[in-house]
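Sequences listed follow chains Y and E, in order. Per our numbering, the first sequence starts with residue 1, numbered consecutively. Per our numbering, the second sequence starts with residue 1001, numbered consecutively.
In case anyone wonders, no lab produced these hints; they're calculated from the structure. Hints should not be assumed to be uniformly reliable.
Across the chosen pairs, the derived CB separations fall in these ranges [what the hints assert, rightly or not]:
1. Y/G34 / E/Q1471: 53 to 63 angstroms
2. E/G1321 / Y/F43: 14 to 24 angstroms
3. Y/P158 / E/F1204: 46 to 56 angstroms
4. E/K1505 / Y/S75: 14 to 24 angstroms
5. E/K1505 / Y/A114: 37 to 47 angstroms
6. Y/E97 / E/E1513: 43 to 53 angstroms
7. E/I1498 / Y/G39: 25 to 35 angstroms
8. E/V1078 / Y/A25: 27 to 37 angstroms
9. E/Y1528 / Y/S75: 17 to 27 angstroms
10. Y/S75 / E/Q1164: 51 to 61 angstroms
Which chain E residues stay away from chain Y? Per the calculated CB distances, all over 10 angstroms, these [stated by the list, open to error]:
11. I1058
12. L1125
13. A1138
14. L1161
15. M1185
16. N1189
17. V1191
18. N1196
19. T1224
20. T1233
21. G1355
22. R1502
Under the rule of at most 20 angstroms between Cα atoms (straight-line distance), these lysine to aspartate or glutamate pairs were calculated in the EDC-like manner [claimed, not checked]:
23. Y/K140 / E/D1119
24. Y/K144 / E/D1119
25. Y/K77 / Y/E97
Computed from a prediction, not measured in an experiment: that's the story for all the values here. Here a beta-carbon is modelled for each residue, glycine too, at the ideal position from N, C-alpha and C.
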Amino acid sequence: MIDVDTTADRCRFIVQGNQSMSWRANLWLAASLGVVVGGISLFMAAHGLWLVVPFAGLEIVLILGCLYLTLRRLSRKEVITVEGQAIRLEWGYTRAERQVELPRQWSRLHYACADSPFDCGELSVAANGQRYALGRCLNKQEKKRLHSQLQAALQGAPVAA
Amino acid sequence: MTTDSSHDGVVHHAPGEHHDHDHDHHGPAYGLMRWITTTNHKDIGSLYLWFSLIMFFIGGAMALVIRAELFQPGIQIVDPMFFNSMTTMHALVMIFGVVMPAFVGLANWMIPMMIGAPDMALPRLNNWSFWIMPFAFAILLSTLFMDSGGPAGGWTLYPPLSLQMGDSFAFVIFAIHFMGISSVMGSINIVATIFNMRAPGVTFMKMPMFVWTWLITAYLLIATIPVLAGAVTMLLTDRYFGTSFFSAAGGGDPVMFQHIFWFFGHPEVYILILPAFGIISSIIPTFARKPLFGYDSMVYATASIAFLSFIVWAHHMFTTGMPLAGSLFFMMSTMLISVPTGVKVFNWVATMWRGAMTFETPMLFAIGFVIMFTIGGLSGLMLAITPADIQYHDTYFVVAHFHYVLVPGAIYSIMAATYYWIPKWTGNMYDETLGKWHFWISTVFVNVLFFPMHFVGLAGMNRRIPDYSLQFADWNMVASIGAFGFGFSQLLFVWIVIKCVRGGKQATDEVWEGARGLEWTVPSPAPYHTFETAPDITKYAVR
């Protein structure tokens, strides 16, 4: 998934892996499971079988923990900002945990893709003898799109959405 | 200016700079540690499937002890206590050690590939889910070697009988807790994977039926495992800590255990069969070369069966006595399940209708499933009728019913799935001739084994007894011959699988002419890592 945010002097690409359900939808999922498991355990407890409750509680905690971990892993972002004379690459979850800045005028984009339906291609940016892979979580079509959009941004041309 | 050169994307490095390996594209490790530490969904799927196969022969050996003893009336081979241990352990092993792990193994192998995900959502949890299982079953089977012997009160562990067993009781409860933890972790992983890791475009109503049925199965497991955990823990505290949840002497109620057990136990029955429905719904369209008839109704029927499974538990308890309104409710709700189940059988038949059918081994097992599962379903319908059930209860008619549902039902679906997907797993075609022999020998013997049980059951032969009246002798002899025939014919299955793993004709990527779905777009054998980036599903049919 690529989100493009352009202003007059800055172009920002936010790249994120595939996540087929939002945080909110996952909360609904957890809530639905919690209601079912909690409801059953309370029904049992009402009939004197209260030892079901702690197991149900532990399970709900496990469900919440697992969904949180899954979503956290899937929400890792890569932000590519083309602004002024620099390209800034940032990686992180809710904030930039790692970042790299490359000189725009020395940066070159590389895109290579084998002629195979299973090869998703490799997009990278190189400058000063270093090369950074971009959009590794994207599929072939998305990588091609990111390549052409980044190319346009580096040349100062308008970026098509 | 470079402020960091992390593994997020460094392809080339300046001299002297820290180098992180690009670890996403490695293959499997080698040796034993590969299997112990693996987090790869395909490796873990294989582990589950091999574990299930081993347990199948352990549980099968127990069944043969039972049938050898029942070959003739009288006590011939084992003492009654050990016989009861065999019936109890056979059930626990087959349910928790064979059918469930086999379906989890198939889910591990196929679900990520079917939805275009790179792996399960929580790979380490997946590894734990599997590796708990061998320890759980080691504990369970070790009770057979303890002074007090293994559990002998039936897999349902009804008190007060189960509370009278020896000190191995605590080990059995401990093992059941481990199995439950494994199942819950596996289920949460499956739910998290299906909800969050579908490739773009794989909407819920485009998911293959196997994925749908597993999603609903995982819901059932998540809902019911805490109930089982609570139930067996209450048995433990009744036994060792002086509580009286199920002890009438202390003000408790043993029948309450039956309620709580079957509140878990009946959804468990559907946990054992819903993934089978998904497998059959994948195989029949492939070999009929037609899309599945009534996909939407299949999804809704599966969800309906899951919902109804929560409100039918007391049909296992008609003979305990219950108010008329109660028995009517549970009779009606049980009969209601035949409606969505009938929808499924109708859809499978309608898919085959006027299809360009071919009868490769997976299709033979799938058709065998449809016919014989329906026989089991119909006897289930007979058992749903309260006044009739009072006659059938605890007879061999019940044994015939659930074995028809579980052996030519669940086990046949697992075998069909193995034949269907093994070319994708190994890259080799299995021996079709031997596969067909396996099907026909199994089908003949499975009916020789279980069909006569209807007759002896209707004539009044009780289940869980090592000895019986003379009038049941002939059909018991026939059933025992069927048991040994069926048991030994499974050695052929092992040979076919091993032969296929070791080599054979190279499988194509599509494998089957009529196959549809993302799993058939990857090479055969499936690479160690698949769909590391989401596939473009506009080019392929997802189901």
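Checked hints:
no. : hint                                 : result
1   : Y/G34 / E/Q1471: 53 to 63 angstroms  : 55 angstroms, holds
2   : E/G1321 / Y/F43: 14 to 24 angstroms  : 22 angstroms, holds
3   : Y/P158 / E/F1204: 46 to 56 angstroms : 38 angstroms, violated
4   : E/K1505 / Y/S75: 14 to 24 angstroms  : 45 angstroms, violated
5   : E/K1505 / Y/A114: 37 to 47 angstroms : 27 angstroms, violated
6   : Y/E97 / E/E1513: 43 to 53 angstroms  : 49 angstroms, holds
7   : E/I1498 / Y/G39: 25 to 35 angstroms  : 48 angstroms, violated
8   : E/V1078 / Y/A25: 27 to 37 angstroms  : 55 angstroms, violated
9   : E/Y1528 / Y/S75: 17 to 27 angstroms  : 26 angstroms, holds
10  : Y/S75 / E/Q1164: 51 to 61 angstroms  : 54 angstroms, holds
11  : I1058                                : 28 angstroms, holds
12  : L1125                                : 7 angstroms, violated
13  : A1138                                : 23 angstroms, holds
14  : L1161                                : 19 angstroms, holds
15  : M1185                                : 7 angstroms, violated
16  : N1189                                : 7 angstroms, violated
17  : V1191                                : 7 angstroms, violated
18  : N1196                                : 5 angstroms, violated
19  : T1224                                : 8 angstroms, violated
20  : T1233                                : 5 angstroms, violated
21  : G1355                                : 28 angstroms, holds
22  : R1502                                : 26 angstroms, holds
23  : Y/K140 / E/D1119                     : 19 angstroms, holds
24  : Y/K144 / E/D1119                     : 24 angstroms, violated
25  : Y/K77 / Y/E97                        : 10 angstroms, holds
In terms of the numbered hints stated before, the structure departs from hints 3, 4, 5, 7, 8, 12, 15, 16, 17, 18, 19, 20 and 24, listed from lowest to highest.
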